[in-house]
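If you read the sequences in order, they're chains A and B. Numbering-wise, the numbering used here puts 106 at position 106 of the first sequence, and it's gapless, one number per residue. Numbering-wise, the numbering used here puts 39 at position 39 of the second sequence, and it's gapless, one number per residue.
What the hints contain is simulated information worked out from the structure, not anything from laboratory work. Mixed in with the good hints, there may be bad ones.
Output of the computed footprint for chain B on chain A, the stretches with three or more beta carbons under 8 Å from beta carbons of chain B [what the hints assert, rightly or not]:
1) 15–25
2) 41–49
3) 75–84
4) 102–113
Some chain B residues well away from chain A (every beta-carbon gap over 12 Å; in silico) [what the hints assert, rightly or not]:
5) 1
6) 47
7) 86
Positions of the beta carbon are idealized from the N, C-alpha and C atoms, including for glycine.
Below, each chain spelled out in residue letters.
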Amino acid sequence: MKDNQNPISPHLQIYRWHISSLLSITHRIAGVVNLLALILMFFWLLTFSLSESSYELFLLAINSFFGKFILIGFTWSMSFHIFSGIRHLAWDMGYGFEIKTANISGILVILSSLVITIIFWLLGRGLI
Amino acid sequence: MNETRKWMLHRVSAIIVAPLFVWFYFSLISLSEKNYQEAIYFFKNPLFKILAIALFFIGFFHAKISLSEIFEDYIHNKKIKNAANLLALLLSIIIPVITLILLIYKI
Chain A
1 MKDNQNPISP HLQIYRWHIS SLLSITHRIA GVVNLLALIL MFFWLLTFSL
51 SESSYELFLL AINSFFGKFI LIGFTWSMSF HIFSGIRHLA WDMGYGFEIK
101 TANISGILVI LSSLVITIIF WLLGRGLI
Chain B
1 MNETRKWMLH RVSAIIVAPL FVWFYFSLIS LSEKNYQEAI YFFKNPLFKI
51 LAIALFFIGF FHAKISLSEI FEDYIHNKKI KNAANLLALL LSIIIPVITL
101 ILLIYKI
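Chain A extracted, bound-state conformation (with noise of 0.2 Å):
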């Protein structure tokens, strides 16, 4: 059988958006840029074992404009990935699972991850 005969999955251009793949592909998505966010803090680690004048240098990169913006980003990434992900786990237990208790559930992880980040920056930059 040729490969590109193997069926695919479901084409995000195709359906209508609904809360529950929304929140699924963007779990997917997160799940990546969260990997993206390790990396970076890999990089801490090692600018900081290599010399004071790197980590410096990396200190001044995440410090800049696009470092906070980015920054920002992972933050959220990071809290909707949990919140989700706790909502998989939900699910994998068997709880949940009727659509009107599944939207509420998502607007909620939607709500808490914004939430949360706020609250994660404020803690970590010592405002409250």
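Starting from the known structure of chain A, fit chain B onto it as the hints suggest.
The following block gives chain B in isolation, referenced to the frame of chain A:
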């Protein structure tokens, strides 16, 4: 690895890695406005080292399983899929091992 076991390990690794990831990322944010000298105390703490090593090994293990799932769904050419899986596997071994070496011998 058998699929049921992979499924289970994927969930278990997620539960372990989530708090480690939050803690480590929080440390990065809190130290991002402090200089090298202030960071030394933090990095040299043995507990930090152990948890960081756990984060990198388990985190990349979780990522490897997840990436293979994504490749399975979106890459239809078998050769490219195998190459992508191999790359992900190498990445998920090399980065944690380098982290381990850095934390034990260099920091």
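Status of each hint after checking the structure:
no.: 1; hint: 15–25; in the structure: violated (count 0)
no.: 2; hint: 41–49; in the structure: holds (count 7)
no.: 3; hint: 75–84; in the structure: holds (count 3)
no.: 4; hint: 102–113; in the structure: violated (count 0)
no.: 5; hint: 1; in the structure: 18 Å, holds
no.: 6; hint: 47; in the structure: 15 Å, holds
no.: 7; hint: 86; in the structure: 17 Å, holds
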